Every structure is written in C-alpha cells, then in structure tokens.
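Student: One letter stands for each residue in the lines below.
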Amino acid sequence: MSGSKRWIAFNFDQKETKDAPKKIKKPVATKSVVAVPNEKLKSFKFFDKIDPKNIEDLAVHAKKIKEVEEWLDANVINPTTKVNVPMLLLTGPTGAGKTTVVKVLCQCKNIDIQEWINPIDKDFETFKGPGQSVRLQEFLTESKFPSLLTKASTKKKVTLIEDFPNTLLKNTNEFEGILDNCLANGKTCLIFICTEVHNNKVDIAKNLFTEEIKDKFNICNINFNSCSVTLLKNALNRAQNIVKENLDILKLPRPKIIEAIIATAMGDIRCAVNQYYFASLKGASEIPLELSKLEKTGQKRKRVDKNSKVKSMNKDEALGLFHGLGKVFNPKRDDNNKVQCDFDALVDEFSTVPNIFNAFLFENYTKYFGDINDIFEAADTLSFSQTFMDKWSERHDTLIIPLWISVLGLMISNKHRVSKWIPINGPKKIDIKSRNNLEMRHLAVGDQSYYNLITKSEKYHKFKYLR
Amino acid sequence: MSLWADKHRPKDLLKVDYHKEQAENLKKLTQQGDFPHLLVYGPVGAGKKTRVMCLLKELYGPGVERLRMEQMTFTTPSNKKVEIMTVNSNYHIEVNPADVGIYDRIVIMDLIKTVAQSQQLDVNTQREFKVIVLTDVDELSKDAQHALRRTMEKYIGNCRLILCANSTSRVTAAIRSRCLSIRVPAPTNEEIISILQSTCKKEGLNLPTELALKIAEKSDRNLRKALLICEACKVEQYPFNINQEIPLPDWHVFINDMAKEIVKEQSIQKIATVRTNLYELIIHGIPNQLIFKTLLDELLKNCDVELKSKVVEHAAFYEHRMQHGNKHIFHFEAFIARFMCLYKKFIEDVTSGF
Amino acid sequence: MQAFLKSGKIAGNGDKKAGTSSGKPPKTKRAVPWVEKYRPKTVDEVVEQNEAVSVLQQCISGANFPNLLFYGPPGTGKTSTILAAARQLFGDIYRDRILELNASDERGIQIIRDKVKTFAQLTASGTRPDGKPCPPYKIIILDEADSMTHSAQAALRRTMEKESKTTRFCLICNYVSRIIDPLTSRCTKFRFKPLKLERISERLEFICKEENVKFDEESLKALVDTSGGDMRRAITCLQSCAKLRGSDDLIKIEDVYEVTGVVPSKWLDQFVAVCKKGDYDGLSNFLNTMMYEAYSGLQMLEQLNEIVVHSDLFNDKQKGFIGAKLGLVGYRLQDGGSEYLQLLDIGCTLMSAFKLI
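Here the protein sequences line up with chains B, S and Z, keeping their order. Quick note: the first sequence uses full-length UniProt numbering, first residue 1, plus one each step. Quick note: the second sequence uses full-length UniProt numbering, first residue 1, plus one each step. Quick note: the third sequence uses full-length UniProt numbering, first residue 1, plus one each step.
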C-alpha cells in the first residue's frame, strides 16, 4: 500500500526514481490483459484458426486426399506390402496443399511426423557440400530409433522430406545411394514432397526422381493440381467466418476484392490466404491503394492465362511485366499527339530486370507499330540501348538508363499505333549448339552442309526457310 | 569415314602445297634453340591449322598426332562451372577459349597456369616446353587478351603459345609484339586448282580443269571449302561434267532467299518473318559476321552506287554495335529495318521519276 | 589431358630443384630476348634523353634521388634508363632493391596497399654485402602507370609520402595526363622524346654485328622506318626477322614487311585507284582479295591515313571528310568490327570524297 501511495505522490527525488520503474511496471503488467488492444495476439490466432484441422477443411480435391489416405492406410497403419521402406512422392505447384494434407492426415490417424531440415545452423565453411547429404543419410537410417523427446515409441511414424540438400541435384547418383541405404537400414516410411518448378535444372521431381529410381524403389507418385477456384472460395469463406468472429480487430473485405484475390492467387492457397488476411487488416492506410492494384491486376490476369510461356516467371513479376509492356506499346497521347505518361512511375513499376524487360520489348514491339519508318526508329533505339545493356551488364544501378532509352524511344516513335490486343511472346532463348567431335573439329559450321551432301546424311541441321 | 580435306592434309612441313618458302623458314625455326610464341594468322581455310600441326610434328615427332578429346572444367570466381572441350596430345593442348564467351579470361589464366606448372615428362629426350594452341584469338575479349599477355611473359620458361587468328586487327598490339607473326595468305585460285586435281588423282578420279576453275571461284579461296565442294560434286555426279552445278551451302541459299524477300517487300510483317529466320541462323551457330557479310552482298546487288554507299555506311555502323554483347538480333533487325526504309524510298524515287 | 598434365607434375618437382640449383645442364640455355640483352647497362649508354640522363648521373654520384615520373611514347628508353640507374646505384644487389610492377600485373588498389607497402616498409641498409657503400633506399618502378585506376593512384599518394625515408618511386607512363595531379606534383617529370631514326639505325647495326645477322642496307632502312622512333619495336622486329630467316641467310625487305605486318604500298595505291574510279564491285573484290592475303585492316588504315594526309590527290575539304571517317572506322575496327565491312565503309567514303570538289 505504501508503494502505491508513493507512486501517486509526485516525487522527483532522484533516489526514489530508481525504484519507481519497478513499481510502475507491476500494475501495468497485470492490467495489460484487459486494456491493451490485443491485435497481435489475435492476429496470430488467425493463422492458427485458418490452418485446416480436419479433412473437411482441406482445400484439396477429395480424390487426392483419398489417394494419400489410402496409401497411408496400406503402408503405415496396416502394412500389407512386404516392402521394407515404403516411399511416397508428392508433387505439385506451390500452395497446392501438399504438406498440409500429409500433416492433417497424420494427425487424424495419430501418426508421428519426423521432418528433415537442411542443417544451416552450423558454420557454412565446414558444413557445405557433401556434409549435408551425408547427414541426410544418417538422419534417414537412424530415424528408426525413437527420439529421446518422444515418450512412447508405439506410435506409427513417417519421415517427411521437403528440404533437399542442394548437392544432391548436382550428383544424382549420390541420391540413389542414399535411397539404397535407406532400403537396407531404414524402417519408417518416407514421404518426399517436391514443388514443381519450371526451371529444368532445379526441378527436384524431374532430376532426382527419375523413372528408373521410381521403379527401383517402388515409389508411389501422387501429383497435386493447383487449387481450383471453388476450393479457394471455400477456404476464403472459412476465413470470412473467422473474420466475422473478430470484427473488433478485423474488417470484412468487399466481395470484389475477394474475387481479385482469387484471380491473382492462381491456385496458390497460401498466397490467397495471406492476401486475404492483409486485406482484412484494419487501419493500415496503404491498404486501399494496394487493393485497387489488386483489382486491376485481377483483370489483367485473363491475358496472362492465354500465354503459356510466361507462366514460368514469378507471378508478380509477370503481372508487372504485362502491365508495363501494355503501357509502353499503347502510350496515351493527348490532343496535340504528345505522349502523356509519367515515365518515372512507369519505369519504377516494372518489377523485372532491365535486360529481360528489354528483351520482351524487342520480341513484341513490331506488332504494335503501323508504319515501317516508325519501326526503323524503334529498332535503332532498341539496338542502341541494348549496346549499353551489354556493356553495363555488371552495373545494376545504371542499367535503368538504357531501359529508359528503350521505353521512351518506343513510345515516341510509335506514331501510327495499332491498337488491338495481341498475345505477348517471351524472348527467344538462344542455345548455340557446339560441336564436340574430334573428327569434325576442322569443319566450320558454314561447311557442314557439304558434309551432309557428301555423306548423303542429315547429320547436321538443314535450314528451312519460313515464310 | 574421313573427308578428303582431312585425308589429304599434308603431314609434313616440307610437303605443303604452297607457301613453300615460309614452310622452310618454319622448319628452320624449330631447329633453333629458342622457339618463340607464334601468332599464325590468315583467312579461313588458308591452312593455318595444317601448318601448326606440321610444326608440332616437327617439334615433337609423330607423337603429337595421337589426339584425344577431353573436357576441362574451370571454376569462375562466382563459383560457376565452365566447361570447355580440348584436343590434346602428350605434348600440346588445343583450345578455343572463345567457346566459353565471357569466361574466356578464366580459361586462359587457369589453363596456361596448369600447363605451365607441369613440366615435360622427360627433359632429356624432348623439348623443355609444352605448346598451347589457342584458336580464334581475335575473338577473345579485351580482358582475356590482357590476361594472355601477362601469362605469356610469366610462363615462357616451360610453355609456348601458338595463337591462331583470322586477322590481327583485333589482337592487341601487346600480344602481337610478343609473338612472331606468321601470315598465311589464302591459296590463289591456280594453287587451289592444282591441289584439287592432284587430290582427285590420288582418289583415282579425273577432274576437268574447267570444273576445277569453277569450284575454285566458288570457294572464296578457301581450300577446305574447295575440297569439300569437289567431294560433294563427286557424290552428286561422277564422271564430272563441266556444266555440273556447284552446290551452295544451305545457309547461303537461306540468306539469299531472305535477301530476296527483303527486296521484294518492305513491311512490318516481313520484318517479323526475317527475324524468325535470323533466329534460325543464329541458333545453328552461323557466325554473325558471316551472316552480315553475305546478307549485305546480296542486298547490295539491287542498289545503285549512291544507295550502296549509304547502305554500307549503316551496315558498318550496326555491325560494329553487334560486336558488343550477345544480343545480335537487335542490331540485325535495326539494320534490316534501316535498309527497308532506304530501299523503299529509293524505289519510290525511281518510280516517281518516270 | 589427365595424362598430359599428370606426367608433367611428377617430373615438375624434380625439375624445380634442378632449376634452383645452378647445376642444371647447360643444354637449356635460356634465350634472352634481344631487347633485354641489349638494354643499356649504364645511364651513359642511354641514347639521347639528355635531361633525364644528367639528373640521374648526379643522383648516382651522390645527390638525393627524387621521385621520378618518366613519360613519352613507347620504346624511348624509359624503363631502360631507370633500370640502368638502379644497377649503377646498387650494383649486384639491385634485384633486391627494386620492385617492378607493370600493368599486366594485377594492380588494383589492394595490390598497391599490400605489395607496395610491404616492400616499402623493408629497411635498406647503407652498405652492400661486399662492404661498399650504397644509397639506403629502395626503388619501386611502376611501369605503365597510366593504366592504373584512379583510386589505386590515390592510394599510392599516401604511401609515397609515408615511405619517403626508405623508398623512391619511379612512375613510367605514355600519357602524363592520365596520372592524377597529386602524384605528378610529387615527382620530378621527364619527357622522353621519340628517338631519332639514325640512332635506332646505329643500334641495330651494332646488334646485327654482335649477333651475326646479315642485313642489307635497304631492309635495315625499312625496319627503322616502320619503327617510328620505337627502339623496342625495332629490336623485336630485328630478332623476329633473324629467327624467321635463320642465321645464315640474308634478311630481305619482304621479311621485314612480313614481320612488321606492314601492307606493301602497291595494295594501298590500288585501293585508292579503285575508289577513284567509283567502281563499287571493284572495291568489294579488291577488299576480298586483300582479306584473303590476311593483311591487317588496322595497319591498312594507319597507312591510308599517312597517304591521305600527305597526298595532293585531295583538297583540304576532302581530307577533312575522309579523316573524320577514318577516325570512326579505326575506332570501330579496334573495337571488334569486321575488317571487310569497315574497310568497305571507308572505301565508299573515299568514293564520295572523290566526287566532292
């Protein structure tokens, strides 16, 4: 009591202030449960709540769930097969719900999950390279022993591998060796999860799990499709319900925004939920702006769909790109035929590397031009800016300048604009074939056609003129 | 099966068919105590490689003819792996560093270092140096040439370089001054004719002089090409006929077609098709300088003198730009668009004049 | 490749030992380039360049040695002068007392900081091992200093001041304008003039006699003419000629052209003649032939420039017109343009120049 009295009385004595903070703290700490707006606490709850707890909540096609479930039943719950180490490979695009399906199913069926995570905590120097794969090997073969932390080892167990050491990609034989070892020593079944990527070099599913390996180890492969629109809607509805319960800290986004979110997510449930949560946040002032962008990009999306090539790019990047290209090719002009555009903002908007953007511009500009003289000017500008792009390729800070040249050049020289909608093409990849043949090393490329003539073969390429 | 051009390649310095005096000088060079770095330059198919191989044989004996092809891997500072094919024997190694594009500097530095730091197996029976043959040095980047110059000086003790180039203009003066330059001019048409006939004789064939002349004229004084054409002619039709058609390489026909199309119609659609066709050429590794020159020659056939000089001016301009970076198509297209504009105006002026 | 490298490595170790011990069989007498062999041994031997020579002579006889900056066209004896001076100053131990860095060594700011600093910080005693007195400092020679980056030059500035007790710097460059001001102000500058042709000719004759090379008057003159006052180039060419020809034969004027890469003048005359006719096909054919002969386009341009400048075929207006293009084409050629196209361009320019009056 005496303490609180002292606190009420203003006392600027230096000796006293030393103690003061302690006393102040106490009452605040006890009060906080009630008074402080607990936004943070609840925001965490949102993700906890939205995480699917049972099979019905999963935003994955029922058939796929059933497939996984059946596999678990047959291999883990009641092992019918004689295989020592059953293996399952799940593939699919990001945010299709692969990991979640496994986790939820295991939870329902009371199966323990052990997960391999690439060790990165150690000093990089000592643990890069083979270290990781060796440790993966150890992890896999030793996982049959119960961990010290789990109490009862009577529970069924699966091992989940989503993280693959990078070195395995370079040395696929090593991976086969690891699997061999598992088959011999391991006990628990393995579940591999691979995200589909469009870059062949890093595609784990393609490089590591070749058909031979799948055959050899009897790996069952279940491929997930990206989340369908209905499933996304369902998931967002569930989110909507959570928001409704917490209207004190969250607000309900407009239906139009939800549509835009679904459109932009492109079947990525994780992305959709994140966007939704962002949209439902109260207060933050930049949200309306963000939303208007979303709406726009949502409409643009339809265009993207029609072109398969560009899908390989990162989604956001592709959207920025299309938007940007459209603005450059169809510049607005005022009555005096002057180009009206905020160049600064425009160039900032391209979320792509200048080189790639320039390549896109080059690949597509001709279609938007209506006069050959304009084309010549544009081609000259592009050739000019490309010279600098190449020269400065190592200086990222200055690369924006040649991009400026390209963009302005194209806008200004496009005096006879063709305004219709035309599909966008990605830049052409040029892979020059090299000759690695001892016998033929004296043969210049230009002379290869004679070789064809002489041997009456078609060993070297024949050119076909396209009209 | 081996082509005539490979089969009948001279294996000895004294048996080459032309530039005999030079061959003798080269032979003398191998007999002297100090063998310098060499820069062998001349147009394609003039016999640079043949002379280099003969020279190596003169230096080391027939052992150099046992060639292997092997892949070497280099690591760039940014940890990127660069692979390059090498041809080598126990005594020499041959590389075309331009194959790896912008990483040529690393290849040059590492390769010469590795070779130079290892010495010849038996000092008493062989020469105390190994030879590194670098082809297409004129296509090396400035950086790589700089590195080359440094390594050349540093390791002269136990390795010698033989550099092959098509022209010396793009080889820096620093390198030129450190090498003994050997110019290998292309054989004259007469020389080509006599070689063609002697080769045919060795094959047991009879080649009429008129046809030989026709082949020689089509060969651009490129002996290898002449031999290939001759062999192709033989496959097409034997016994030879004087009026026999001389086949053009398919890419040449291809470029001719392209030029015809450009001259026929100047439109945006045409630019798009030309671009697709250029991609086809580039992808198959036809050197861009060759494309440019052939295309220009073909296009100029349809112009009057004044237009010609205008077009040439622009061609020189864009061709130079093309040497930077690797997006050649940008500059090709700019040139073609420019040509179309010029040509269209030219035609309009001519027709309005009537 | 493996065999090629491996085989060597085993022997490599053994050989290294042989190399360091002086007992290596004399069979492999290492060929010294004549440029090295005939470098002046003393400062007095340096041809011309009186200013620098007299200053250095004073230094050798005991005066204080300043930081030096030598500039001038290549082959005028800049490096030779400082090396000779060092040799005279330090005698036998001069190798330990100088640090020579040229542009081909990696010479970024880091190297300047590390290498130069470490060397500069070594103390130098005032006596030679044999007891004779010698100056108590070291010399760092930075050859081709104009190709150093500005930041590296700036880094040098501090080092130069700090180490002035024990170290002298000698910067050598072609263009003094590329050296930053703070550095030039710390050095005594000497300009090296191109050598007079007679001097080169004298030296070449001397070397010919020493090396037993047979040379006739005409080809020696051609060699001297093509050198353009560059002694190194002249000597290198002489050696190349001698190598190509072998030691017994007389060296002919063709050999000189061959080695120096000079385009024989008949080609140039023909080029101008074709252009004068205004015959495009003739020009194109001529250039193709020239390419087949493998003459260097750059060399051709240089010689063409001489012709255009001194010729009375053109009036000033035409010369200006051609000169502008020559510069452009020369740049493009050096920058990687194709010889045929660039020469075609200059040819077309000549054609239109002939039409200008």
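Keep in mind that the hints were calculated from the coordinates and are not lab data. Fair warning: this is a prediction, and the values are worked out from it, not measured in the lab. Glycine included, each C-beta is placed from N, C-alpha and C at the ideal position. Don't take each hint at face value.
[What the hints assert, rightly or not] Chain S stretches covered by chain B per the calculated footprint, using a threshold of three residues with CB under 8 angstroms from any CB of chain B:
1. 168 to 178
2. 322 to 331
[Said to hold, decoys possible] Cut-off 27 angstroms, straight-line C-alpha distance, at most; resulting in silico cross-link-like pairs (DSS-like, lysine-lysine):
3. S/K20 / Z/K252
4. S/K80 / S/K49
5. Z/K252 / S/K310
6. Z/K221 / Z/K37
7. S/K20 / B/K428
Student: A separate judgement is required for each hint: does it hold in the structure or not?
Tutor: Hint-by-hint comparison with the structure:
1. 168 to 178: violated (count 0)
2. 322 to 331: Contact hint for the stretch 322 to 331 of chain S vs chain B: holds, 7 residues under 8 angstroms.
3. S/K20 / Z/K252: 16 angstroms, holds
4. S/K80 / S/K49: 31 angstroms, violated
5. Z/K252 / S/K310: 43 angstroms, violated
6. Z/K221 / Z/K37: With a Cα-Cα distance of about 22 angstroms, the restraint between Z/K221 and Z/K37 holds, given a limit of 27 angstroms.
7. S/K20 / B/K428: 49 angstroms, violated
Checked against the numbered hints above, the structure violates hints 1, 4, 5 and 7; every other hint is satisfied.
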